Amino acid sequence: MYEFSYKNVDSVSAAVEAMQAADDGKFLAGGQTMLPTMKHRLASPSDIIDLGGIDELKGISVNAGTVTIGAMTTHGEVAASADVQNAIPALAKLAGNIGDPAVRNRGTIGGSIANNDPAADYPSAVIALGATVKTNQREIAGDDFFTGMFETALAEDEIIVSVSFPVAESAAYMKFENPASRYAIVGVFVAKTGGSVRVAVTGATPCAHRALRIEEALNGELNSAAVDAAEIPVEKMNSDIHASAEYRAHLVKVMAKRAVEACV
Amino acid sequence: MMNISMTVNGSPVSGEVESRTLLVHFLREQLRLTGTHVGCDTSQCGACVIHVNGKSVKSCTMLAVQADGAEVTTIEGLADGAELHPMQQAFMDDHGLQCGFCTPGMIMSALDIVNRNGNDLDEETVRKELEGNICRCTGYHNIVKSVQAGAKAMGGNS
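Keeping their order, the protein sequence lines are chains A and B.
Be aware that the first sequence starts at 1, since it is given in the working numbering, and climbs by one per residue.
Be aware that the second sequence starts at 265, since it is given in the working numbering, and climbs by one per residue.
Since the hints were derived computationally from the structure, they do not count as laboratory data.
Please read all numbers here as calculations on a predicted model, not as lab measurements.
Glycine residues also receive a C-beta, built at the ideal position from the N, C-alpha and C atoms.
Fair warning: there could be bad hints in the mix.
Away from chain A, derived, C-beta distances all over 10 angstroms, residues of chain B [unchecked claim]:
#1 Gly345
#2 Gln353
#3 Gly382
Simulated crosslink set (DSBU-like; lysine-lysine; CA at most 30 angstroms straight-line) [as the list claims (entries may be wrong)]:
#4 B/Lys409 - B/Lys319
#5 B/Lys409 - A/Lys26
#6 A/Lys58 - B/Lys416
#7 B/Lys319 - A/Lys134
#8 A/Lys236 - A/Lys257
#9 A/Lys58 - A/Lys39
#10 A/Lys58 - A/Lys134
#11 B/Lys319 - B/Lys416
#12 A/Lys257 - A/Lys93
#13 B/Lys319 - A/Lys257
#14 A/Lys93 - A/Lys58
#15 A/Lys253 - B/Lys319
#16 B/Lys409 - A/Lys257
#17 B/Lys409 - A/Lys39
#18 B/Lys392 - B/Lys409
#19 B/Lys392 - B/Lys319
#20 A/Lys134 - A/Lys26
#21 A/Lys236 - A/Lys253
#22 A/Lys39 - A/Lys26
#23 B/Lys416 - B/Lys392
#24 B/Lys392 - A/Lys93
#25 B/Lys319 - A/Lys26
#26 A/Lys39 - B/Lys392
#27 A/Lys93 - B/Lys319
#28 A/Lys58 - A/Lys26
#29 B/Lys409 - A/Lys58
Calculated from the model, a selection of chain B residues having no Cβ within reach of chain A, i.e. all distances over 10 angstroms [to be verified]:
#30 Arg284
#31 Gly303
#32 Gly310
#33 Thr337
#34 Glu347
#35 Leu361
#36 Asp386
#37 Gly396
#38 Cys401
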């Protein structure tokens, strides 16, 4: 890891100021991706601005049918939250299956979605549940947040404050995980709210996305057999040492069916 | 260079580190607490697990400066003089190790498991919770047994 200038701040405004003053700064959330990336010298920021000391970015609240999770809330805290378990059990379960316990004690929801790893779990929940990402500048709809591989709608000096998830009637996340890293080879999040069923897929393509073909096939019903009618475009799938494009396309349907069945 | 101070195994310590100094390197090379091991250095293996403010973390994936002001517990902080912590004793009694390299991380993770799941642990829970700790010798069988026994002993029902 190359040396950098470390800035510890206690407010969002101080973090933004530090970023604007930096030559090539990076915000540090839980560091479970950022620090390994820096160790590998895949990133060498001039300044690290640590968000760990900002209390306003932490905590979970539930009201009026919405679960709001502060950006610096850890996966372990989300998984263990009775409020999240009651309101959106699928979200608590998703958080509890990220990485391993020690990683979950450091990794945060804000860090996860800002990084937008193609195989991260949270992006599928943000999209399928129709969440809203609140930043220090604006509110971004979950559908508009993830823009490409490791790319988001965030500006360089924009900080995620919280993510608000509308409570669904039922929801489930099914992940076919890499047995070593626990990252999703394919993960599918299904959420039913009112008359509509939303489906989001992670791991399969360069960026988590809404699976509109599966949503059309389901047509608002939690009927897993209907998933068969959806055509999954193999040419859009990732292909790597873990799984071929054909295999991932197959897994999308299998995981979608399991998630639909788990919703019922 | 930055000055940091924290409480390690109940004692106040301080030191001067680079921003990039990892917490595990501060513990091992400056404080000479070499019980915490570096196995993979890529947050996979769990040999470097310690507790920071009561929670298990991989100390190879945390900066020393991030622990400024924190309460840190390492494997060296468990025994009471010559008397081993019940979890350490269980690993000894049930032969929960062969080469011993992964053991400090296993034990620190085991204590975190007990903190979150209580003293009566079934095998499935222990195996799932130890996902982040890799052992290349034992095949895990006796490690799981040790964690279950150690958890019971911590509850006073050994």
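Taking the hints in turn, this is what the structure says about them:
1. With 10 angstroms as the threshold on Cβ separation, the claim that B/Gly345 sits away from chain A holds: the shortest Cβ distance comes to roughly 28 angstroms.
2. Here B/Gln353 stays apart from chain A, with its beta-carbon at least about 23 angstroms from theirs, past the 10 angstroms limit.
3. Once the 10 angstroms rule is applied to beta carbons, B/Gly382 is consistent with being away from chain A; the minimum gap is 13 angstroms.
4. Taken as a hint, the B/Lys409 and B/Lys319 pair is honoured in the structure, with Cα atoms around 22 angstroms apart against an allowance of 30 angstroms.
5. Distance restraint check for B/Lys409 and A/Lys26: the Cα-Cα separation of roughly 44 angstroms exceeds the 30 angstroms cut-off, and the hinted pair is therefore not satisfied.
6. A distance of roughly 34 angstroms separates the Cα atoms of A/Lys58 and B/Lys416; the hinted pair therefore is violated under the 30 angstroms criterion.
7. Proximity of B/Lys319 to A/Lys134 is assessed by CA-CA distance (about 28 angstroms); at most 30 angstroms being required, the pair is judged to hold.
8. Restraint check: the Cα-Cα separation between A/Lys236 and A/Lys257 comes to about 20 angstroms, which is no more than 30 angstroms; the hinted pair holds.
9. For the given pair, A/Lys58 sits about 27 angstroms from A/Lys39 by alpha-carbon distance, which is consistent with the 30 angstroms threshold.
10. Straight-line distance between C-alpha atoms of A/Lys58 and A/Lys134 comes to about 13 angstroms, which keeps the hinted pair within the 30 angstroms bound.
11. Between B/Lys319 and B/Lys416 the alpha-carbon distance is near 20 angstroms, which keeps this suggested pair within the 30 angstroms criterion.
12. A C-alpha spacing of about 18 angstroms is found between A/Lys257 and A/Lys93, which places the hinted pair at or below 30 angstroms, so the restraint holds.
13. The hinted pair formed by B/Lys319 and A/Lys257 fails the criterion: a straight-line CA distance of about 36 angstroms is larger than 30 angstroms.
14. Taking the CA atoms of A/Lys93 and A/Lys58, the gap is about 19 angstroms. The hint holds against a cut of 30 angstroms.
15. With a CA separation close to 38 angstroms, the supplied pair A/Lys253 and B/Lys319 exceeds the 30 angstroms bound.
16. The hinted pair formed by B/Lys409 and A/Lys257 fails the criterion: a straight-line CA distance of about 37 angstroms is larger than 30 angstroms.
17. Between B/Lys409 and A/Lys39 the CA atoms are separated by roughly 35 angstroms; this puts the pair beyond 30 angstroms, and the hint is violated.
18. With a C-alpha separation of about 14 angstroms, the suggested pair B/Lys392 and B/Lys409 falls inside the 30 angstroms cut-off, and the hint holds.
19. Taken as a hint, the B/Lys392 and B/Lys319 pair is honoured in the structure, with Cα atoms around 17 angstroms apart against an allowance of 30 angstroms.
20. Between A/Lys134 and A/Lys26, the direct Cα distance comes to roughly 19 angstroms. Compliance with the 30 angstroms bound is thereby established for this hinted pair.
21. Our distance criterion of 30 angstroms between C-alpha atoms is met by A/Lys236 and A/Lys253, whose separation comes to about 14 angstroms.
22. With a CA separation close to 15 angstroms, the supplied pair A/Lys39 and A/Lys26 stays within the 30 angstroms bound.
23. Between B/Lys416 and B/Lys392 the alpha-carbon distance is near 18 angstroms, which keeps this suggested pair within the 30 angstroms criterion.
24. This hinted pair checks out: B/Lys392 and A/Lys93 have alpha carbons roughly 14 angstroms apart, not beyond 30 angstroms.
25. Pair hint B/Lys319 plus A/Lys26 holds up; C-alpha atoms about 26 angstroms apart against a cutoff of 30 angstroms.
26. Restraint check for A/Lys39 and B/Lys392: the C-alpha separation of about 28 angstroms stays at or below 30 angstroms, so the hint holds.
27. Proximity of A/Lys93 to B/Lys319 is assessed by CA-CA distance (about 20 angstroms); at most 30 angstroms being required, the pair is judged to hold.
28. The suggested pairing of A/Lys58 with A/Lys26 holds, with an alpha-carbon distance near 19 angstroms, which does not exceed 30 angstroms.
29. Annotation: proposed proximity of B/Lys409 to A/Lys58 is violated, straight-line Cα distance about 37 angstroms (limit 30 angstroms).
30. For B/Arg284, the shortest C-beta to C-beta distance to chain A comes to about 5 angstroms, within the 10 angstroms cut-off, and the non-interface label is violated.
31. Every CB of chain A is more than 10 angstroms from the CB of B/Gly303 (nearest about 13 angstroms), matching its label as outside the interface.
32. B/Gly310, annotated as away from the interface, has a beta carbon of chain A within 10 angstroms; the closest lies near 7 angstroms.
33. Distance check for B/Thr337 against chain A: the nearest CB is about 13 angstroms away, which clears 10 angstroms, and the non-interface claim stands.
34. A cut-off of 10 angstroms between C-beta atoms confirms that B/Glu347 is not in contact with chain A; the least separation is 27 angstroms.
35. Against the 10 angstroms criterion, B/Leu361 stays outside the reach of chain A, whose nearest CB is about 19 angstroms from its own CB.
36. Against the 10 angstroms criterion, B/Asp386 stays outside the reach of chain A, whose nearest CB is about 16 angstroms from its own CB.
37. At roughly 3 angstroms, the least C-beta separation between B/Gly396 and chain A is not larger than 10 angstroms, which violates its mark as non-interface.
38. At the 10 angstroms boundary, the C-beta of B/Cys401 stays outside the reach of chain A, the nearest C-beta of that chain being 18 angstroms off.
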